[in-house]
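**Student:** The chain contents come next:
Number of protein chains: 4
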Amino acid sequence: MTSMTVEAADLGRQGDLHTHFRKRFSEVRDLTERLAVPLAPEDQVVQSMPDASPAKWHRAHTSWFFETFLLVPYLAGYEVFHPRFGYLFNSYYEAVGARHPRPRRGLLTRPSCQDVADYRAHVDGAMTRLIEEIDEDQWREVAPLIELGLHHEQQHQELLLTDILHLFSCNPIDPAYAPYVAAPAAPAPLDWIGFEGGVYQIGHGGEGFAWDNEGPRHEHLLRPFRLASRPVTNGEWIEFIEDEGYGRAELWLSDGWAKVREEGWEAPLYWRRRDGGWGSMTLAGFRPIDMDAPVAHVSFYEADAFARWTGRRLPTEAEWEVAARGLPLDGNTLGRGYLRPVAAEGEGLRQMFGDVWEWTQSPYTAYPGYRAPAGAIGEYNGKFMCSQWVMRGGSCATPDGHLRATYRNFFYPWMRWQFSGLRLAEDVS
Amino acid sequence: MTSMTVEAADLGRQGDLHTHFRKRFSEVRDLTERLAVPLAPEDQVVQSMPDASPAKWHRAHTSWFFETFLLVPYLAGYEVFHPRFGYLFNSYYEAVGARHPRPRRGLLTRPSCQDVADYRAHVDGAMTRLIEEIDEDQWREVAPLIELGLHHEQQHQELLLTDILHLFSCNPIDPAYAPYVAAPAAPAPLDWIGFEGGVYQIGHGGEGFAWDNEGPRHEHLLRPFRLASRPVTNGEWIEFIEDEGYGRAELWLSDGWAKVREEGWEAPLYWRRRDGGWGSMTLAGFRPIDMDAPVAHVSFYEADAFARWTGRRLPTEAEWEVAARGLPLDGNTLGRGYLRPVAAEGEGLRQMFGDVWEWTQSPYTAYPGYRAPAGAIGEYNGKFMCSQWVMRGGSCATPDGHLRATYRNFFYPWMRWQFSGLRLAEDVS
Amino acid sequence: MTSMTVEAADLGRQGDLHTHFRKRFSEVRDLTERLAVPLAPEDQVVQSMPDASPAKWHRAHTSWFFETFLLVPYLAGYEVFHPRFGYLFNSYYEAVGARHPRPRRGLLTRPSCQDVADYRAHVDGAMTRLIEEIDEDQWREVAPLIELGLHHEQQHQELLLTDILHLFSCNPIDPAYAPYVAAPAAPAPLDWIGFEGGVYQIGHGGEGFAWDNEGPRHEHLLRPFRLASRPVTNGEWIEFIEDEGYGRAELWLSDGWAKVREEGWEAPLYWRRRDGGWGSMTLAGFRPIDMDAPVAHVSFYEADAFARWTGRRLPTEAEWEVAARGLPLDGNTLGRGYLRPVAAEGEGLRQMFGDVWEWTQSPYTAYPGYRAPAGAIGEYNGKFMCSQWVMRGGSCATPDGHLRATYRNFFYPWMRWQFSGLRLAEDVS
Amino acid sequence: MTSMTVEAADLGRQGDLHTHFRKRFSEVRDLTERLAVPLAPEDQVVQSMPDASPAKWHRAHTSWFFETFLLVPYLAGYEVFHPRFGYLFNSYYEAVGARHPRPRRGLLTRPSCQDVADYRAHVDGAMTRLIEEIDEDQWREVAPLIELGLHHEQQHQELLLTDILHLFSCNPIDPAYAPYVAAPAAPAPLDWIGFEGGVYQIGHGGEGFAWDNEGPRHEHLLRPFRLASRPVTNGEWIEFIEDEGYGRAELWLSDGWAKVREEGWEAPLYWRRRDGGWGSMTLAGFRPIDMDAPVAHVSFYEADAFARWTGRRLPTEAEWEVAARGLPLDGNTLGRGYLRPVAAEGEGLRQMFGDVWEWTQSPYTAYPGYRAPAGAIGEYNGKFMCSQWVMRGGSCATPDGHLRATYRNFFYPWMRWQFSGLRLAEDVS
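Protein chains in written order, with the working numbering: chain A, 128 to 556; chain B, 128 to 556; chain C, 128 to 556; chain D, 128 to 556.
Just chain A, with the same shape it has in the complex:
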């Protein structure tokens, strides 16, 4: 977990660090609560599918993380808020003991939303004490864990939004989480940006926080390639639909085609035909499709089939990372609940960050030399390195500090409830 270590230099400025962490802790924790404000208690308790979790559960689980990995081991005299919460709010850490089954998270009508708010306050108070009072020797051990807990909570902030969107999409009366905000139309032409082949350094280099799966940094050999200047748009996706893209077996991976037939897919997840045109559930309720916005809520299978239809391909994650280095992290508008049209201004690659997660053609596996950390913390990333695919970039629901060139998100190839889209690549022959 070296990449999660707080820098040695920082540790010298101990006092500043305490202040920094106190502030950052309360900012992250407060944002979670602000994201829950538009939700009634009823909205916070239901689990709309096994992959999703109730908003209330996200709020409690992130608190459990601090309680379990920080407060119990490091804060003298800390008393757990409730003896059963360890069972209820453990997500998947086998090392920490038995847990409530994931598909049954939506059965927990108690603790209530108010109980969870009390739990959060209890944990926040204790964490504030911990940050104040911890002795200097333990700081080196504790600080990275706090950092980890905050990044963990930020991941759940994104999930809270994507899970609410899924829940609301199941409701025939189309609830809205937030008001719609109009974005200026700005159709952008598609350019192709070329990159040289050669041996590149891939992975996180050490400065700042990164997940363990972003390292070790290592050399990787790339062939020359080109990357599309912008993501695929809804308008382009409609061309695929109208060209019978969902009905032509030859465009699809075998597993993908089986899924298309089995589930009856004929458009991205939240799209519905109404009144003669396509619309989609969004966090602002049901909206007509914006032709110029990036397509979202497509699976890897769909992204791959679309790419084959165009005669091009998805980029590898290494290609994407090489291309993304040094670009502005301009997405970052957590919870705005809509996708911007593709920006016309600017040259080169646009909207690599903060619009849609972009499927790559890379299965999610360990980088050479990777070893999962020991203990429960080691269960965070390593055990999922199987049958999932890497997405890069970050979506309109991704929080601050989770946008960077080396970040590896991963989902199963059939999953569609994230803000997942794609950008095309091609070989330079």
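Treat the hints with caution; some may be incorrect.
Because identical chains cannot be distinguished in the list, a pair is counted as satisfied if it fits within a single copy or across any two copies.
[Claimed, not checked] With a Cα cut of at most 25 Å, we get these calculated SDA-like pairs of lysine to any residue: (1) K386 with S296; (2) K386 with M542; (3) K150 with P468; (4) K386 with N217; (5) K386 with R229; (6) K150 with G406; (7) K386 with G362; (8) K386 with Q515; (9) K150 with R229; (10) K386 with P230; (11) K150 with P299; (12) K150 with Y494; (13) K150 with A315; (14) K386 with W541; (15) K386 with D178; (16) K386 with L215.
Note that these hints are calculated values from the structure, not bench results.
Given chain A, put chains B, C and D in place with the hints provided.
**Tutor:** What follows is chains B, C and D alone, placed relative to chain A:
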């Protein structure tokens, strides 16, 4: 639907009837709301299994019934509360149009509990107007439908309680719906009450409300039989468990044995071994088993196996009805949330009503000459006359006016979430 | 098991009885083998659905029955043919020990068909010795068991045919089990035959073999009714199809309607539209529908919906039995593989026996006073008295001696692979 | 499909080539039939799981391949053997039309084994004519297709054996396909063979037949690594079992752990505890485990968990290929039905070929620049490049000519019915 007709004699006393209905309407409707008072919004939205419905859904669906079958056809100028509620809150009436799929009722976090309260108030206001203003000619048609709607709502009052118990049983922290009320221990001996054979009149005779499935009244030939003076108790059920009752194939129907193995049944639905003894989830939370109370939450399969283990049998529904005639309807304590011990005082049959529904050996079929009424109302009972079993008597969750000798309740033989128990019978050889 | 007892009078004529049994034993056993002649080894090993069994399995299981219940207990020095056959060929007798799971019967490519032929010869030889040598004291105990084994084997003869038809229906190249035999067209008009109400004796009376479930004989009260003079024909069923019978929810039981939607039923099991008309797989391969023949391969759900569509109903099993008494047992042409047109000649009820099993509206339950026999033999009928429906009469695949007025066949309401049809009834108002 | 092209040089020696192909064609086709000789017709028809196919189906499908891709397009006047065989024996080629569903292959009792033998003779005769008579212009197009068809048939030869083993493993009487052949015990010590890092050429280079997925040949950057001198043995696997390897979540990928729990895995697929020790079904029937033989019939999940338990890892497919170059292809004893002990003699890497397929840590994806060929032939490999893992080397059931360093076999990570084992690797730090 003749048996649902308001008596001709009553129709003469028109004014009284209006007053009567106004009062009765508000009593039934108010009780539903009172039953929901102990429930947080979170408790009211979740569906813990496809057979159960959220409390909020029960509150809305019963209102939809009045809106659809009374207000829309009979109240001039009535405007439906919300255009999609007809879709959301239709339970199973094919004749009334498309509906939200039953297993997805728990995904409807909106309308909120408060919205549903507003819906109920809207319907109640309009119903009050309807009862006031309806002209005399239509009264004959409308009055039985109001009566039907009220009985329908009372059935959902019982389901609201049984469904909440199931929901709370899924929660590791054992929530309670109501405080526990101690009942005096009163072990009652088991007597056998004999009845003559012969041709009996079976079914509802015409006076007072009854469901269509309680008629037509008809002759039925019975052989002499004896009925146990009281239901089987928890203490007796523990003997069955300890005699390996759940492990001996020869005691079980083939379908029942398959279910036992598949589901791993080893006790009634809500029983758990804790701290060396048996306890059970109840509406008052997790409680130690009361040995003298009637066993509840057993399936027909279990009731049948238990009876075979004793060398006796379950009664037929006709035997039960003949025996129950003229007995006091003494159960009637809706929502008390616990089962009384079997009463020691008194002679003859005890606790036929209002403790547990008693499984009979009778599959639920039409009485000779039965025809389902035409239209949506006809879907109420007839189409379920297949593969279910009749239970008689009524439980501690059954409301006023649903306790009578001819009442036929029916459930699939594997179902256990009702307050379902049994009483033994035997042939007179 | 009194009804299975060989008559005391017969037991006096011991020598005759031995001769009788030897002859009857070889006749029944030989017929099974003759039925298998048209089947290649490949046809005998596959299990096309869990409800069906491979032909080879039927041949072995019926032999296992004699080995287990006769030879092992009664023939001194008998050695079982193979130590694992007890495990492989026990069908469902819990009392006899562990067994190969039913849905995996089709995985047993060994023992081969030839091995099974050897097994049958081994058992037949030993049974012949048993019938010769058994001492007089044991005869009283053994004779009814032999009788039982032979009736058991005859049931499997019918199943062998219905299971082969199902298997062949899964094959796109439409194999035929037997050549087609033309039957003269003979459209018969539909008459209604009336019966008086009153108390009737129902069930087997004692003379000749009967299954335990046909007794005890008991009194049953019937109301006046009328029965159709002949079964429903294919031509009438096509009218039902063309009147959208499979698309109108109001005609169906709730469970039946769910099945129709889930399975996409739109005609009887083996019907297919080809070249603009209806045809059906039969034991003689794929054949055009004969409009005048009784409809077959319909479920109880379909039979019930059809009856509702006509405004009539299915008979009860007691009505059917009362009507069938004394009629000629004229069906009896095991394995002819086709259904005769309904006979025009004659008056009164026609084709009650030996054309199609006729669904009744009666759930399969115990007659009053019924007790299953002790031991493994007691598992034959009693444990299935749950959620199945009674069919009466016997089909074109039913063997000699299984046609009688009191015979109760039973299947789940969704099953269609038997030659199952229906005859209408109506109340006399 | 360039890598499947018959060499230009060869095409000059036309006559030789005809002779060569005639001989090779009959050798491959004859071997298939010889492999079926120990199988009774009963053994050839059953499908024991959806992943496996009946032996008869393999024999017919491989003939269909020649009929469809060679005879119909290239042999003037060829008549297909049976009009429905195209439907029955297409495996998964979407471009060729509708096909019989894979899980229903075992329902085809007809055509019989003899019919399939006739089909094969018909196709062989026509193929012989085609090879004789084809004009020189078409030869360049046809020769690679014949080569492809023969390699395709060889793959099915291996599957025929693995599928029969699975089928026989489902039979409680443990049938044997072939007699057991003793192999001399020869425990081999475990050495570690080192390899340099650097840029290597990976993939097939052009000479001889290769599948399209073995190319394009391309550069790949490797870090220094070490490879075990021999596969993991059964004895080592028993240590893993005895150290609770199947019970420790921390050793497993998340998906793997879910599978272990769901399926109750506690040893390789065919292992059973009997009489106090481990044995396994093999093609020679049930045999005690040979401690010195390579472990087989483990999934990728198990291989990965085992490697983690040892503190080492699986090799990548590129590492394996680099190590395997130039080693003797010494396995090659198709159908011998048993695994040899690991050879003690020799130095360096042993038993890379022909003992067990060795799981790598590489998901099966396209090599850089890969494009699937157009048309039905293009469905052979490309559409499966998703969620499967690469195995290298070849097993004791792999035929001649399928052992080479660049060969990429692929299976889902949970699959265990192939002769799949593993060899460990480690980083050089």
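**Student:** Indicate, hint by hint, whether the structure satisfies it.
**Tutor:** Outcome of the hint check:
Taking the closest pair of Cα atoms, K386 and S296 come within 25 Å of each other only inside a single copy of the chain (20 Å); across copies the shortest separation is 28 Å, beyond that limit. With identical chains, the CA atoms of K386 and M542 are at most 25 Å apart both within one copy (11 Å) and between copies (20 Å). With identical chains, the CA atoms of K150 and P468 are never at most 25 Å apart, being 34 Å at best within one copy and 60 Å at best between copies. Within a single copy, K386 and N217 get their C-alpha atoms only as close as 31 Å, which misses the 25 Å cut-off; across copies the closest is 21 Å, which meets it.
Both within a single protomer and between protomers do K386 and R229 lie at most 25 Å apart by alpha-carbon distance, with minima of 23 Å and 16 Å respectively. Neither within a single protomer nor between protomers do K150 and G406 lie at most 25 Å apart by alpha-carbon distance, with minima of 41 Å and 48 Å respectively. Proximity of K386 to G362 under the C-alpha cut-off of 25 Å is restricted to the intra-copy arrangement: shortest distance 24 Å within a copy versus 41 Å between copies. In this assembly of identical chains, K386 and Q515 lie within 25 Å of each other by CA distance both inside one copy and across copies; the values are 16 Å within and 16 Å between.
Proximity of K150 and R229 under a CA criterion of 25 Å is satisfied in neither setting, with 33 Å inside one chain copy and 47 Å between copies. Both within a single protomer and between protomers do K386 and P230 lie at most 25 Å apart by alpha-carbon distance, with minima of 21 Å and 16 Å respectively. Taking the shortest Cα distances, K150 and P299 never come within 25 Å of each other, neither inside one copy (42 Å) nor across copies (36 Å). For a Cα distance limit of 25 Å, the shortest separation of K150 from Y494 qualifies neither inside one copy, at 34 Å, nor across copies, at 48 Å.
For the identical chains of this complex, K150 and A315 are neighbours neither inside a copy (40 Å) nor across copies (62 Å), given an alpha-carbon limit of 25 Å. In this homomeric assembly, K386 and W541 come within 25 Å of each other (Cα to Cα) both inside a single copy, at 8 Å, and across copies, at 19 Å. Taking the closest pair of Cα atoms, K386 and D178 come within 25 Å of each other both inside a single copy (17 Å) and across two copies (18 Å). Taking identical chains as interchangeable, the C-alpha atoms of K386 and L215 lie at most 25 Å apart only when they sit on different chains, with a minimum of 23 Å there against 33 Å within one chain.
Checked against the numbered hints given earlier, the structure breaks hints 3, 6, 9, 11, 12 and 13 and satisfies all the rest.
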